[in-house]
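Colleague: Sequence:
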Amino acid sequence: MSRHMPPTYKTRNWPAYNEALKRRGSLTIWFDPEMSWEAAPTGKRGRQQTYSDTAIQTCLTMKVLFGMALRQTTGFVESLLRLVGLDWSVPDFSTLSRRQKVLAVNIPYRGSKGPLHLLIDSTGIKVEGEGEWHARKHGGPKRRVWRKIHLGIDEQTLEVRAVEVTGSHIGDAPVLPDLLSQIPAGEEIGSVTADGAYDTRKCHDAIAARGAHAVIPPRKNAKPWKTVTAGAIARNEALRAAKYLGRAIWRNWSGYHRRSRAETKMHCMKLLGQRLMARDFDRQVAEVQIRIAVMNGYTALGIPVTETVG
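According to this note's numbering, the residues represented by the sequence shown are 2 to 311, in order.
If you are wondering where the hints come from, they were derived from the structure by calculation, not from laboratory data. Keep in mind the model is a prediction, meaning the values are calculated, not measured. No residue lacks a Cβ here, since even glycine has one placed at the ideal position from N, Cα and C. Hints may contain errors.
Claimed, not checked - With a straight-line Cα cutoff of 25 angstroms, these simulated DSS-like cross-link-like pairs (lysine-lysine) come out:
{"no.": "1", "residue 1": "Lys149", "residue 2": "Lys11"}
{"no.": "2", "residue 1": "Lys149", "residue 2": "Lys271"}
{"no.": "3", "residue 1": "Lys227", "residue 2": "Lys244"}
{"no.": "4", "residue 1": "Lys244", "residue 2": "Lys224"}
{"no.": "5", "residue 1": "Lys23", "residue 2": "Lys271"}
{"no.": "6", "residue 1": "Lys221", "residue 2": "Lys23"}
{"no.": "7", "residue 1": "Lys227", "residue 2": "Lys203"}
{"no.": "8", "residue 1": "Lys266", "residue 2": "Lys149"}
{"no.": "9", "residue 1": "Lys227", "residue 2": "Lys102"}
{"no.": "10", "residue 1": "Lys11", "residue 2": "Lys266"}
{"no.": "11", "residue 1": "Lys114", "residue 2": "Lys227"}
{"no.": "12", "residue 1": "Lys221", "residue 2": "Lys203"}
{"no.": "13", "residue 1": "Lys127", "residue 2": "Lys149"}
{"no.": "14", "residue 1": "Lys244", "residue 2": "Lys221"}
{"no.": "15", "residue 1": "Lys203", "residue 2": "Lys149"}
{"no.": "16", "residue 1": "Lys102", "residue 2": "Lys45"}
{"no.": "17", "residue 1": "Lys127", "residue 2": "Lys102"}
{"no.": "18", "residue 1": "Lys266", "residue 2": "Lys127"}
{"no.": "19", "residue 1": "Lys102", "residue 2": "Lys149"}
{"no.": "20", "residue 1": "Lys271", "residue 2": "Lys127"}
{"no.": "21", "residue 1": "Lys244", "residue 2": "Lys203"}
{"no.": "22", "residue 1": "Lys11", "residue 2": "Lys23"}
{"no.": "23", "residue 1": "Lys224", "residue 2": "Lys203"}
Stated by the list, open to error - So the derived label-pair ranges between C-beta atoms look like this:
{"no.": "24", "residue 1": "Ser261", "residue 2": "Gly168", "range": "25 to 35 angstroms"}
{"no.": "25", "residue 1": "Val146", "residue 2": "Ala186", "range": "31 to 41 angstroms"}
{"no.": "26", "residue 1": "Pro16", "residue 2": "Gly44", "range": "24 to 34 angstroms"}
{"no.": "27", "residue 1": "Lys114", "residue 2": "Glu264", "range": "22 to 32 angstroms"}
{"no.": "28", "residue 1": "Phe32", "residue 2": "Ala301", "range": "53 to 63 angstroms"}
Required output: the full structure, derived from the provided sequences and hints.
Modeller: Here it is in structure tokens:
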């Protein structure tokens, strides 16, 4: 038998993608003088907030992007404002820390043309504990704390459309309905692609409730479900197709390999830091969401468009 040769790919928009990669490294930072830096009056009794959520998110974005502590972030933003000639005051480190806990992070996205094809995956990121090398070399403490980050990624634009942060003891499948709930009810979801860990009744029912097609490989010891629901029917059809075609052919036929793009996005997120700097869970959630906002901004600059050439 002849040896199977993997296909080769060619980037069709290399000049535009090359320019996008250069712009990702640009240090040009724009401050719009018309932006709402100060908080608008709430009309409620008590002390009013001095800074808007936009101002807090701007400062925390600098913190995440350049890996700085809160005090260094304050000095960095102060120097930027002096350079552009704006006399705005900058929140101090205690204000940033306090507001980060309750910040409603604005995650920008462009949206795709047509139905949304969602790629689901999760990964872990370290919060506490020494690194693997330090623990092996010096026998550091065994206590390590991780957070699980669950992402829903738009297959067309590669932007993150849904994100959840949980403890390491939470499985993948229970979080899928929460990810789907972050997609506006009026937006059509064409398909949801995930790995075999999401082959559960609740996941299939949640996907069917949104009128989407589930691309989830059945488990190796999977049996047909007897319950008659839209999710169970779709899952039983996928099980029959996988047994008839074989799991390898079914993966190619169903387009399951698209999920690898979600794993690539996980790697991109960890390039912003292998661990979270915040120690409080709510602040960690805000830190992850700000990372996602930065990643979506990078993605909006340009992504490669590839085609098979052999």
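Colleague: Check whether the Cα positions of Lys149 and Lys271 lie no farther apart than 25 angstroms.
Modeller: holds, 12 angstroms
Colleague: Taking only the CA atoms, is the gap from Lys271 to Lys127 under or equal to 25 angstroms?
Modeller: holds, 10 angstroms
Colleague: Is the hinted pair Lys102 and Lys149 satisfied, with a Cα-Cα distance of at most 25 angstroms?
Modeller: At roughly 18 angstroms apart (the allowed maximum being 25 angstroms), Lys149 and Lys102 satisfy the hint.
Colleague: Holds or violated: Lys224 with Lys203, Cα cutoff 25 angstroms?
Modeller: Status holds; Cα separation ~16 angstroms.
Colleague: Is Lys244 within 25 angstroms of Lys203, Cα to Cα?
Modeller: Holds. Lys244 to Lys203 sits at ~23 angstroms (cutoff 25 angstroms).
Colleague: Is Lys227 within 25 angstroms of Lys102, Cα to Cα?
Modeller: It is violated: about 45 angstroms lies between the C-alpha atoms, which goes past 25 angstroms.
Colleague: Taking only the CA atoms, is the gap from Lys244 to Lys221 under or equal to 25 angstroms?
Modeller: holds, 10 angstroms
Colleague: May I ask you to test the hint 24 to 34 angstroms on the CB atoms belonging to Pro16 and Gly44?
Modeller: Hint violated: Cβ distance 52 angstroms, outside 24 to 34 angstroms.
Colleague: Between Lys114 and Glu264, does the beta-carbon spacing fit 22 to 32 angstroms?
Modeller: holds, 24 angstroms
Colleague: Take the C-alpha atoms of Lys203 and Lys149, compute the straight-line distance between them, and say whether it is at most 25 angstroms.
Modeller: Cα-Cα ~20 angstroms, so holds.
Colleague: Holds or violated: Lys114 with Lys227, Cα cutoff 25 angstroms?
Modeller: Violated, at about 37 angstroms.
Colleague: For the pair supplied as a hint, Lys23 and Lys271, confirm whether the alpha-carbon distance does not exceed 25 angstroms.
Modeller: holds, 20 angstroms
Hints 1, 6, 9, 11, 26, 28 from the list above are not met by this structure, while the remaining hints are.
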